[in-house]
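J.: What follows is each chain in one-letter form.
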Amino acid sequence: MTVLDVQGLQTHFFTDAGVVKAVDGVSFSLGEGEVLGLVGESGSGKSVTGFSILRLVDPPGRVVGGQILFRGQDLAHLGEREMRGLRGNRIAMIFQDPMMTLNPVLRIETQMVEAVRAHERVSPAAARDRAIKALARVGIPSPAERLEAYPHQFSGGMRQRVAIAIALLNGPDLIVADEPTTALDVTIQSQILAEVQELARETGTALIWITHDLAVVAGLADKISVMYAGRIVESGPTDAVLTAPGHPYTEGLLGSIPGHGRRGERLTQIPGMAPNMARLPEGCAFAPRCPRASGTCRADAPGISDAGPGRSLRCHHPTLSAEGTA
Amino acid sequence: MLVFLLRRLAQSVFVMIAMMIVVFFGVYMIGNPVDILISPDATPAEIDETMARFGFDQPVYVQFFRFIGNALQGDLGRSFVHGEPAVQLILSYMPATLELALLGLIFSVLIGVPLGVYAGYKADRWQGRAIMTGSIFGFSLPNFWVGMLLILIFAVELQWLPSTGRGETVEVLGLRLSIFTADGLQHMLLPALTLALYKASLVTRLARAGTQEALVQDYVKFARAKGLSETRILVVHVLKNIMIPIITVLGLELGSMIAFAVVTETVFAWPGMGKLLIDSILTLDRPVIVSYLMLTVIIFIIINFTVDVIYTLLDPRVRVKGSAA
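Chains as they are written, first to last, in numbering that gives the first Met the number 0: chain A, 0 to 325; chain B, 0 to 324.
These are calculated hints, taken from the structure and not from any lab test.
Heads up, a few of these hints could be off.
Straight-line distance between alpha carbons at most 25 Å, and here's what the computed SDA-like set of lysine to any residue pairs gives [as the list claims (entries may be wrong)]:
1) K220(B) <-> G294(A)
2) K220(B) <-> P103(A)
3) K220(B) <-> Q9(A)
4) K239(B) <-> F153(A)
5) K220(B) <-> M98(A)
Reference listing, derived: stretches of chain A covered by chain B, where coverage requires no fewer than 3 residues with Cβ under 8 Å from a Cβ of chain B [unchecked claim]:
6) 100 to 109
7) 112 to 124
8) 221 to 234
Using N, Cα and C, we set each Cβ at its ideal position, and we do this for glycine too.
Put together the whole structure using the sequences plus the hints.
T.: Written as structure tokens, this is what we have:
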């Protein structure tokens, strides 16, 4: 069952300096219980994609094109009222910085109970019960007592667990997680990853995990989409993409991860910087940094092409075909 | 918490002492009250006799230490004009001012906070701009003029509300108050509104700035992602966060409202402390002026202290630091 089917999503920011096409024709789909890793550098449009799904893009940004089909309903054209009914209910979101996402002056209880009661007519006591269960599920000890606490009485990892518990409260069909472990210690990070993976599997919740960290995605996602300058440049099953990347950018990203048995070796890096989104080059946006770029790349932006089972690419000179023929 | 209290108390004592020095010498320099107290055709012997009776024939420092000595025993002298102890005199005028200032404060919050939050929410729309433009009037129109205008409209033209005096009063806990009678409340409306106008503009601006700042925070975005209504986000999530700076400023402003309601009280013939102060300055009634200023200092100290306590109620983070100290 397809939970989410995004087709040609365009989210543009109308700034004084011109129109910034932060998301420009992004497509992907997601089935029940599936985990999609959305990978990219800062400014690649991955977070904006996530916010677009919940229609929470801050002005001057706006979803200007494409479809966001959630269980067959197009969110791009849904009324604000109906959209609010879905947020936190059928579609939940987890944010990057757990220190900032919880309101500092409200008790955890208030912040959880209101999330339940925004969508369902239940008594405060019933909502409180559900909050306690959700906290217990994400591994918070003595949840009934912790409900009384304020956010600052929790550590960063615990706060992120609370945020995850809030996301789980209404049993959503889809969770959009925007770099939720980036701000945490590595040990906490892996704990939370393991827990979220288990929860998604248990409940059949589809998950979009937005990150810049390929290592995180490797252990978690069923499939990944790599974003660059507002577009998905490569997507496919996680194992396939990570073992045999098709796009020079994906290859570059993989090459820049410090790994085992590479001690003393120089880390490879992708030359240049992420492009200015207000002034993208003509042709392929990655061409200025690409070792394989040719005249074609600088003149024409590559379209989407098939690259094996479940895989697609946006590249004139993919590395995949070279390895495929070898 | 105890350390904090003691430190606060010590600071307050210093402020009081400094204030006594400034006030005493300041008033001393204004002029000799005897010139006003006795008739111009009094004989030199009569003048000397009066000077000696009030102790004005002594050198300044002797007068000062006598004043300090008496003050420490709670005696700030008797009013030259009324013959009553000055403190008692002021205290008898105080309830009128206090209730007026309090109602003014309530008005300024009830008007300013909703307007400000709404203006912050609609910052880039015409509604927000209109409120901001309106608040400029609140800032720049002088108090006495607003008061007279209100009298002209509501008392003279429409004849809805009375324009002078306190109206009917009742005794509550030993204080004569107007606020608990319908007639008294009617008398309070215009002066309280006059007092509130400037503060309401101030609160509007503070609330707007706070709201704008809060609205871009992640916790607001997260609240939206939870599917909360905009009303709930504004009234619960934003409002509680912006109340801290507003309370701070309002605390200080309440002090100035009590201490300097002079103009408004004069316009509306409201028999409060402000009017007493003006009358006392005109008659160089030293003990009353000094007592008034000392009381003002005490009021400010008490208000600041209360504000600190309210902080701890509003912001849980302050509470923890306080108990740890």
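J.: If a hint holds in the structure, say so; if it does not, say that too.
T.: We went through each hint and held it up to the structure:
Straight-line distance between C-alpha atoms of K220(B) and G294(A) comes to about 44 Å, which puts the hinted pair past the 25 Å bound. For the hint linking K220(B) to P103(A), the alpha-carbon distance of about 14 Å falls within 25 Å, and the restraint holds. Straight-line distance between C-alpha atoms of K220(B) and Q9(A) comes to about 21 Å, which keeps the hinted pair within the 25 Å bound. Between K239(B) and F153(A), the direct Cα distance comes to roughly 20 Å. Compliance with the 25 Å bound is thereby established for this hinted pair.
Note on K220(B) and M98(A): the hinted pairing holds, with a Cα-Cα distance of about 13 Å set against a maximum of 25 Å. Residue count for the segment 100 to 109 of chain A with a Cβ under 8 Å from a Cβ of chain B: 7. That meets the three needed, and the coverage hint holds. By the rule of at least three residues with a Cβ nearer than 8 Å to a Cβ of chain B, the coverage given for the segment 112 to 124 of chain A holds, with 4 such residues. By the rule of at least three residues with a Cβ nearer than 8 Å to a Cβ of chain B, the coverage given for the segment 221 to 234 of chain A is violated, with 0 such residues.
The earlier numbered hints that this structure contradicts are 1, 8.
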